[in-house]
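Protein chains: 2
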Amino acid sequence: MPDNTKQELAIIKIGGNIVDNPDALNSFLLDFQKMKGLKVLVHGGGVLASKMAETLGVKTQKIDGRRITDAETLKIVTMVYAGYINKNIVATLQKNGCNAIGLSGADANSIPSNRRSPEPIDFGFVGDPVSENINVPFIAQLLKSDLTPVFCAITHDTNGSLLNTNADTVAYSLATALSNVFQTTLFYCFEKEGVLKDINDPESLLTTINKKDYDTLKENKIITDGMIPKLDNSFKAIENGVSKVIILHAKNLLNGKGTILTADS
Amino acid sequence: MPDNTKQELAIIKIGGNIVDNPDALNSFLLDFQKMKGLKVLVHGGGVLASKMAETLGVKTQKIDGRRITDAETLKIVTMVYAGYINKNIVATLQKNGCNAIGLSGADANSIPSNRRSPEPIDFGFVGDPVSENINVPFIAQLLKSDLTPVFCAITHDTNGSLLNTNADTVAYSLATALSNVFQTTLFYCFEKEGVLKDINDPESLLTTINKKDYDTLKENKIITDGMIPKLDNSFKAIENGVSKVIILHAKNLLNGKGTILTADS
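Just so you know, the sequences run in chain order F and U.
In terms of my numbering, the first sequence has 48 at position 48, counting the first letter as 1, and numbering is strictly consecutive.
In terms of my numbering, the second sequence has 305 at position 40, counting the first letter as 1, and numbering is strictly consecutive.
Just chain F, same shape as in the assembly:
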């Protein structure tokens, strides 16, 4: 049930495939700038980080599709996400008249994380945000000063170490924590129209999906792979106070056409 006493806030996450395509990124940023109301951007950047690792001769190791972050890889993702991508997005938004401020989770201790346990798989310098410790007053103060926070997916352990963090999870954690103060909508933008019954057919878009539908589709292996963590995060967000989650193509940000997730009831 939306809480009408709270101000609306949009948390928008864009993935590495958009960030890696200058035309798609610029077009997205123009749309983002046009969105009315309070907003937060969260960006990935895995594609560019992998290219930089290759140029530097650092091997990208993955287990089950997830990057292993050794010390060299942490350095690369910090440079690429928090430096190159984050500051270029901020400069572009500033040009468009959007007063953006780029942040990592270390800045102002905005997103403290736990380093993931090395058991059963040691992913290295990888963190999972602690939603209840997110610095909500700081982020709320920025928003109330008409600033637009732009988060990269680097957090910290509060003990001196930066941590590579999944950008979907950063967006989920921010949306959940900020829903204590704002009425939040979480937008997961990617390169498909939304949740598709047939991954090769954009016409098979599900315009809404609830948890029960999702469980059935997962069981029947209609939803697989990369969509599963995104949808798991999305339903967890709704359970934890986020008003609405929309999974959509980045080009549809302004018309909101995509898959809207709903609670069961």
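Just so you know, nobody snuck in bad clues.
Here are the computed lysine to aspartate or glutamate pairs in the DMTMM-like style, where the Cα-Cα straight-line distance is at most 25 Å: (1) F:95 <-> U:335; (2) U:360 <-> F:70; (3) U:316 <-> F:54; (4) F:51 <-> U:335; (5) F:51 <-> U:319; (6) F:95 <-> U:397; (7) F:251 <-> F:20; (8) F:144 <-> U:411; (9) U:360 <-> F:128; (10) U:360 <-> F:157; (11) F:95 <-> U:337.
Worth flagging that the hints you see were computed from the coordinates, not collected in a lab.
Just so it is clear, the structure is predicted and the values come from calculations on it, not from any experiment.
Once you have looked at the hints, place chain U on chain F.
What follows is chain U alone, placed relative to chain F:
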């Protein structure tokens, strides 16, 4: 004449040689964290940027000791200064209990710059901050919220382009602009004891120097090379409202031993 109605603020600049030495940097950051009162850190990073350029096979071109910033070099300095160095400094300060926030001049439009004219020498993507356009209310708000801004030497032209900027000049520009609101002291920390009459003899330290002394020492070629822009910036800072400028070894930050610059009168 110090204005006692204004709150004191220290602007501390550290150079690339300290940033490049993990032990010196950690020791400096512990001292920095112990400093009482409001403070802002500005860091360079040229040594690490040159190493990264070499690893990436990008040639560092310099004219009169100043780096030419082509598009590839801009990408590298953005990654190294705004990403790797800035976020690691922030994470270390956070560990020490100092609520740091890392920023470039693009963030919150904090330091708008003019791209330097390509005549007589085209330095590429290099900017000179516009002191009167620095976002003083934003920086003051951070300081009043007990946050410690940590600036890297990347600014922007407000038209979508990031700009490589001399870190001494960033520190000078911030100190000058913030002196409208705070009683500012500017600390230039580097790897010498201060201004030396004989560069090879730390005992030849000048504990104070005024503009007239400086002009004479420059004329007699006792002060040369890299010290000249630092001292030019320092005297300009005093002319433009900064209360005090101290040039000192990074290890002396807490005892303040170094060269204090004074106005002529």
